[in-house]
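K.L.:
One-letter residues, chain by chain:
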Amino acid sequence: MAKKKFVVGCFDDEAVLFPAVKKVRSAGYKIHDVYTPFAVHGLDHAMGLRETSLHTAGFIYGITGTSTALGCISWILAKDWPLNFGGKPHFALPAWIPITFELTVLFAAVGMVLTFCYLCQIAPFVKKHHFHARATDDLFVMVIECTEKTNVDDLKSFLSNNGAIETDVQIAEAGWWLGRYDQDELPFENKQTVAA
Amino acid sequence: MHLKYESQLREPLVSGNKTYHQVTEDIIRPIEAKPSRLWYIGFYIAVALLCFGIYSIYRDVTYGIGQWNLNKTIGWGWDITNFVWWVGIGHAGTLISAILLLFRQGWRTGVNRAAEAMTIFAVMCAGQFPIWHMGRVWMAFFVLPYPNTRGPLWVNFNSPLLWDVFAISTYFTVSLLFWYSGLLPDLATVRDRAFTKLRKRLYGIASFGWSGSTKHWQRHESLSLVLAGLSTPLVLSVHTIVSFDFATSVVPGWHTTIFPPYFVAGAIFSGFAMVQTLMVIIRKVFEMEDYITMGHIEAMNKVIVLTGSIVGIAYLTELFMGWYSQNKYEGYTFWYSRAYLFSPYGWSYWGMMACNVLSPQIFWFRKMRRNLFVTFFMSIIVNIGMWFERFVIIVTSLYRDYLPSSWSVYYSPSIWEIGFYAGTFGLFFTCFFLFAKYFPVIAVAEIKYVLKTSGESFKDNMGHIEAENLETFVHEQSHAH
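Chains as they are written, first to last, in the numbering used here: chain D, 10 to 205; chain U, 641 to 1121.
Take these hints with a grain of salt, some might be off.
Here are some chain U residues pointing at chain D (derived, C-beta under 10 angstroms) [said to hold, decoys possible]: (1) T664; (2) N798; (3) S809; (4) K840; (5) Y843; (6) P873; (7) L874; (8) F1075; (9) V1084.
Quick caveat, the hints were computed from the structure, so don't treat them as lab data.
Since we're looking at a predicted model, the values are computed, not measured.
The beta-carbon is built from N, C-alpha and C at its ideal position, and this holds for glycine as well.
This is chain D alone, in the form it adopts within the complex (with noise of 0.2 angstroms):
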């Protein structure tokens, strides 16, 4: 992928944020992504963003634990090696519910996580750009995608009249590649010392 121009700003609290998404996006600015140190609910409505369909996958992956469980252990007990338990019968259907339950929840999990990740792009050793190092920790670091016709100062002062503390422009990577952390670009400066 190529490399694109963000406008980057970043709020400190999401009382402020909500109103700037929303101003923003009605004065036709394309917010390419608002990275937060936690989960805002609501910022995807007022983002206008679709409702995942995740749990749906998760739906599809537990019927079909389900009906391997049931397919198979039918398949093995009934017909390919039944065997006689005390005269029990073969398609003993009762006896099967704990082991159906397991794999449709396991099937379910599993699914969903692996959707989960492939969704989000992410895997180990996976490298995105991250626009701003607090963006996990305190801030709420909104980007915008620049066009030819974006007027990047205009829009600077659009952010910080809308309570950003801080803005700044970015061309960067916005897919992700392999690559490893400990060879950014971007110098440690919030260095820690931490005492023992």
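For this one, chain D is given, so just place chain U on it according to the hints.
P.N.:
Same frame as chain D, but now just chain U:
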């Protein structure tokens, strides 16, 4: 939309005047500092126990499980007792993170991360017992259903022992996924603060490149909620299935329909006790008193007194049924082998009663619930009691069966049986010490999420809202965004 207001009547979940940055600082500082002398002492003791356990297992594999003192009728002794005990302890983490999430209990945020870690380590310890009890452990893969050259001779899907294989492995996997997916944002926080290259690199790998994007958070929330919904019946099913190992047999004392709920309550009981033991230590050693407040300790003690009483009712119901059924074998097991103090194992039954039913009643008193010393002491007592419970169920039912000529001699464990148990303590605490050193012991992002509704300083600022009339309050709060 959520109400952004929480009544003044509720105790704050985070005390002190905290900002988001302060929360990060407080929780991540212990990871960045050099471990204390106390940590090293604890860690080395744990590793020493682990080594003793490994040696016991080495002997077990070399000489067979005959080196344990199991005998003719007691084919399950300490090993399965320990298995059920550890699995029970492993129930609190998922209960706290899943069931309390669904019930919207805000206080879970302070303790869920460490409790989930504890769950995973406890299930790892539990898994050791059935595996090494197989004796020929190199054939352990026979429990897996796969097309094989033995017929194909499949596993018996109608057997509760196989249900256990599926239940425990599913529980371990799902708990691990739930724990680690919750940990990703916090590991990213550690990564972005890292001040050495090695740290930056390792936490960079561990955090999967998490950025905190709104869309990712939205999916993360959905994932947590569905995993919680899945884990809730899962956690109940796991101990239910463990209880089926006993309940589906025809051994007097095991063959009872009360077992599933009774085992689940017991599991939550012992799990919370273990969480208390660890939390009282963590909040002291890592100075987390602002995040694991007395309110958290009290809430967990309430769960302990509730589940302890449920377990107590189950014991009494069993005794009653032992008489009411008029079944000679049941009556003998419950009223002689267990409840008669001067029978060979009567001491273990009364030990269990004292630890599990009588002593937790102290938590009816608020002063006791909020007393750290009492809490710590009781958490140990409860875990001893719950170990006795499993010992009572297993050994007192087995040592005298239907045929008096095969009644066994008095069973007491060999040093290698004890060594194996001690070894799992080593495994558990080695893992836990490493976790406490290298991972955030409290869910940083979740604390930040509740900070502005339940943080002490923020609550004080919202006091005026309570004076407003209802219409204004509803109007303002329900349109917060």
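K.L.:
Any hints from earlier that this structure breaks? Give me their numbers in increasing order, please.
P.N.:
8
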